[in-house]
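Trainee: Sequence:
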Amino acid sequence: MMPLLQRYILVDLLKVFAVSAAGFTLLLVFAGVYVEAKEHGLGPMQILQILPFIIPTLLPFTIPTALLLTVCVVYGRLSGDQEIIAAKAAGIHIISVLWPAFLLGVVLSIFTLVITDQMIPWSMKRIQRTIAMAVEDIFFDVLKAQNQLNLRDQGLSITVMDVRDRTLYMPTFRYMRGNKPVTVQAKEARLRFDLDRDVVVMEFKDGYISLPDDANTRVRFRYDAREFPLPNRSQKAKSRDMTSREILAETRAMATGDATATRQLAIEAALILASGDFDRFGEKEFAVSRYQVDEERNRSMKLTTELHNRISMAFGCFFFVLVGAPFAVYMAKNQFLTSFLFCFVPILVVYYPLSMMAQNLSKVGKVDPSWAVWLPNGALTLGFLYIIRQLARN
Numbered sequence: 000m001m002p003l004l005q006r007y008i009l010v011d012l013l014k015v016f017a018v019s020a021a022g023f024t025l026l027l028v029f030a031g032v033y034v035e036a037k038e039h040g041l042g043p044m045q046i047l048q049i050l051p052f053i054i055p056t057l058l059p060f061t062i063p064t065a066l067l068l069t070v071c072v073v074y075g076r077l078s079g080d081q082e083i084i085a086a087k088a089a090g091i092h093i094i095s096v097l098w099p100a101f102l103l104g105v106v107l108s109i110f111t112l113v114i115t116d117q118m119i120p121w122s123m124k125r126i127q128r129t130i131a132m133a134v135e136d137i138f139f140d141v142l143k144a145q146n147q148l149n150l151r152d153q154g155l156s157i158t159v160m161d162v163r164d165r166t167l168y169m170p171t172f173r174y175m176r177g178n179k180p181v182t183v184q185a186k187e188a189r190l191r192f193d194l195d196r197d198v199v200v201m202e203f204k205d206g207y208i209s210l211p212d213d214a215n216t217r218v219r220f221r222y223d224a225r226e227f228p229l230p231n232r233s234q235k236a237k238s239r240d241m242t243s244r245e246i247l248a249e250t251r252a253m254a255t256g257d258a259t260a261t262r263q264l265a266i267e268a269a270l271i272l273a274s275g276d277f278d279r280f281g282e283k284e285f286a287v288s289r290y291q292v293d294e295e296r297n298r299s300m301k302l303t304t305e306l307h308n309r310i311s312m313a314f315g316c317f318f319f320v321l322v323g324a325p326f327a328v329y330m331a332k333n334q335f336l337t338s339f340l341f342c343f344v345p346i347l348v349v350y351y352p353l354s355m356m357a358q359n360l361s362k363v364g365k366v367d368p369s370w371a372v373w374l375p376n377g378a379l380t381l382g383f384l385y386i387i388r389q390l391a392r393n
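Numbering that gives the first Met the number 0 puts the first residue of the sequence shown at 0, with every later residue one more than the last.
What you were told as hints is all true, and nothing was included just to trick you.
Listed below are the simulated DSSO-like cross-link pairs for lysine-lysine, each with C-alpha atoms no more than 30 Å apart in a straight line:
id, residue 1, residue 2
1, K362, K237
2, K204, K143
3, K301, K124
4, K37, K301
5, K124, K37
6, K179, K143
7, K301, K365
8, K362, K124
9, K14, K87
10, K179, K204
11, K365, K237
12, K237, K37
13, K37, K143
14, K124, K143
In short, the hints are calculated from the structure, not lab data.
Could you build all of it, start to finish, from the sequences and the hints given here?
Mentor: Spelled out as structure tokens, the structure:
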């Protein structure tokens, strides 16, 4: 049975956390919606459809901050009202007063890990599916409003005179073939979106193609069809959008493939050295093989870093509490905002830059992510030991 004081503190923590987490999440929702809408050109209906799926992607950022604010509010008030001193006078150790916050930190760390590992990949897939289903409407909305559309990633630009019933009138399409532009002009054209293959099929009627040759050749046609990849569609999923099981499966597959490719590359290099034909090291085939091996290794390191960083960042909730709760007691102020800022600013200046540095170094293979991504949490642990020592002296 939980003692009365600890039960009182835990209930107070839960109440304050619920309010602060809701507030922080609500603030960040608008930023998250704005980023997705700007990146994909979403309209109001698409924004409403993806809104429920954006919220889980924000929780790993809002939960630690809200939890830090919560412990600063609750323990700052307890200490400011001399209740901590009264508890010490009654023979209650300071750790006994703090353990409800530590318990909440552990529970929320596990909850955050589940969100990061399961909910966020699921939410991102739902967002991408919603965007993919709406991409046709987005294309035509932009063309109707602006009479042009530029897709830099695909090297494609479209200009039209008019759009009616999803038919483009007097369209001009420009795309790159190698380093030279190809222009297609037609009387009319229709766009068909094949979401299963992630391509846009463009069907032209009565037009001509300007080929990128020295003679500026024009080829007339009655009908022509061309395919282009959908914008913002990547063949490989981002590491953040994958579950741990998917990451482990891909890294194991890449480890097997990397070993085979490395052996093949070593054999090719040995044959070149044996033949003395060193110019072959500069040939395209050898360079492409080496590039592919390097790309697979880089992705493997990024996936491994994501796996370790996911656990470390989730348990940042506990380490935030580890520092925040005793610091609020040490400050002994009812003004919780003062305690929060004094605690959060060093975290902002030290914790997050250290975390980014550890991630970047791990992704390029400079350090081992199994321990590097825990350095920020280690720094918070040192802060806890210093503060708790100061409290023990008082």
